[in-house]
Structure formats: C-alpha cells, structure tokens
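Asks: Protein chains in written order, with this note's numbering: chain A, 1 to 113; chain B, 1001 to 1113.
Take these hints with a grain of salt, some might be off.
When the alpha-carbon atoms are kept at most 20 Å apart in a straight line, the in silico EDC-like pairs for lysine to aspartate or glutamate are as follows [claimed, not checked]:
#	chain 1	residue 1	chain 2	residue 2
1	B	K1049	B	E1066
2	B	K1042	B	D1085
3	A	K70	A	D26
4	A	K57	A	E30
5	B	K1042	A	D106
6	A	K71	A	E52
7	B	K1042	A	D38
8	A	K9	A	E79
9	A	K57	B	E1095
10	B	K1042	A	D26
Pairwise CB distance ranges, derived in the manner of DEER restraints [said to hold, decoys possible]:
#	chain 1	residue 1	chain 2	residue 2	range
11	A	E59	B	T1051	15 to 25 Å
12	B	A1054	A	E52	33 to 43 Å
13	B	S1070	A	M41	28 to 38 Å
If you are wondering where the hints come from, they were derived from the structure by calculation, not from laboratory data.
For glycine and all other residues, C-beta sits at the position ideal for the given N, C-alpha and C.
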Amino acid sequence: NAGVTQTPKFRVLKTGQSMTLLCAQDMNHEYMYWYRQDPGMGLRLIHYSVGEGTTAKGEVPDGYNVSRLKKQNFLLGLESAAPSQTSVYFCASSRGPLNQPQHFGDGTRLSIL
Amino acid sequence: AQSVTQLDSHVSVSEGTPVLLRCNYSSSYSPSLFWYVQHPNKGLQLLLKYTSAATLVKGINGFEAEFKKSETSFHLTKPSAHMSDAAEYFCVVSETGRRALTFGSGTRLQVQP
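Based on the sequences and whatever the hints tell you, model everything.
Replies: Next up, the structure:
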C-alpha cells in the first residue's frame, strides 16, 4: 500500500546544477501534481497533469519542467538550479479534478547552495 | 477569485480539551473545501471534505468542520485533543474551472500534556 512515492527524499545541489525529482503512484490516478512548500506560504502548484502525455503550468512554473510519459510517473526537472528553488517539493495524485481529494507523497527536501 | 485565510498561525491546547482551528474563505462560486493535516516530515493527509452536501462534515480521527456560507467560514473542531493531533493543519479551497487549489498558510497545533 505504497500510494505516492517520491525519490529522492533529500538532495543538496550547487547553483546551476540540474536534477530530476521522481514521483510514482500506484493508485491508477489520472491527475498528478507538483507543489512546493515554503515556510508560512502553504503549498503552491508548480505543474500538473490530467493524464498520460499531458502537462500544464500551475501558479509558479518558472525554472521547472515536467514530463508524464507513463500514467504512474510524474517527473519534475530543474534545468539550472537557483537558491530560490530551495524548498520542500511534494507530489500528489487524484482520481479526478480539483474537487477530488489529493494523495500526497512524503516530500523531497531540496537545498540549493 | 478564491482565497483562504487561516486566522491563527499557532494554537496551543491541553490534552483532553477542545480544538478550534479557524478558516475563512473567499470564492466567486460554490467552492469545495478541504482540511488537510501534515505531521512532521510527512506529506499532507486529507481530514475531511465539503462539496455542497451536508454543512456539517465529519472527518477522520474525530475531527469535524461546519460550512457557514453567511460567514464564509469553514472552522475545524475536535471535542477532545490527543497528543497525536499535534501537527500542521491546512484549509484548502477549490472552485470549478480553476486550475489550482488554494492553500491557507497553515495552523500549527500544539497539544500540551
């Protein structure tokens, strides 16, 4: 009963480096989301996907790219990391649109030096 | 436009006493409203959801929330706090047609023995 699994759990990068965060869900959900959580700001949506092969921008998409090649996986990429991208990143999935509950992973803590 | 205001950033209660976490929302249309809980180093977990059915919504772990349209409020309550309730709580709103949930900034609940 894994639910939503995020890898890695922690990562430290230097400015300008690139990396990919992986999210996998085993609930056959159509919708998947990437959020960032910063102190005192709740969660903000970076990108989302409403099905395999589709992606769309959220509220704060700049500096990030995503891909959904398989229904169960949603990848978040940072092409050239910046200190402002230091955050905790959460992946979530849901059966349907925004009135459906979202299931969250445990997060990836990313520090950019 | 939709927005969420959690009126208290921190709430401290004694074990066995009632819990009240306050949330006001702003929405142009009939919203869906959620409360999520986040334990340290974990993702968010759904506590309860309101989607225009009964105005008093019961959730997991003894929590409930009442939707009051006239007051644009969706406060979370629990009759008797338990030590395991110590966590951060997020009030969340969504509107049909919007591409993102709107999260409140969170309320940290402390439970004193």
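Asks: So, for every hint listed, does it hold in this structure?
Replies: So, going through the hints one by one against the coordinates:
Restraint check for B/K1049 and B/E1066: the C-alpha separation of about 10 Å stays at or below 20 Å, so the hint holds. Pair hint B/K1042 plus B/D1085 holds up; C-alpha atoms about 14 Å apart against a cutoff of 20 Å. Using a Cα cut-off of 20 Å, the hinted pair A/K70 and A/D26 holds, with the two alpha carbons roughly 12 Å apart. Straight-line distance between C-alpha atoms of A/K57 and A/E30 comes to about 16 Å, which keeps the hinted pair within the 20 Å bound.
For a cut-off of 20 Å, the pair hint linking B/K1042 to A/D106 stands: about 4 Å separates their Cα positions. Between A/K71 and A/E52 the alpha-carbon distance is near 5 Å, which keeps this suggested pair within the 20 Å criterion. For the proposed pair B/K1042 and A/D38, the alpha carbon gap of about 14 Å is at most 20 Å, so the pair holds. Taking the CA atoms of A/K9 and A/E79, the gap is near 19 Å; set against the 20 Å cutoff, the hint holds.
Proposed proximity of A/K57 and B/E1095 is supported: the alpha carbons are some 17 Å apart, at most 20 Å. Between B/K1042 and A/D26 the alpha-carbon distance is near 18 Å, which keeps this suggested pair within the 20 Å criterion. Remark: the range hint 15 to 25 Å for A/E59 to B/T1051 is upheld by a beta-carbon distance near 23 Å. Separation of B/A1054 from A/E52 is about 36 Å and conforms to the stated range, judged on CB atoms against 33 to 43 Å.
With their beta carbons about 29 Å apart, B/S1070 and A/M41 fall inside the hinted range of 28 to 38 Å.
Checked against the numbered hints above, the structure breaks none of them.
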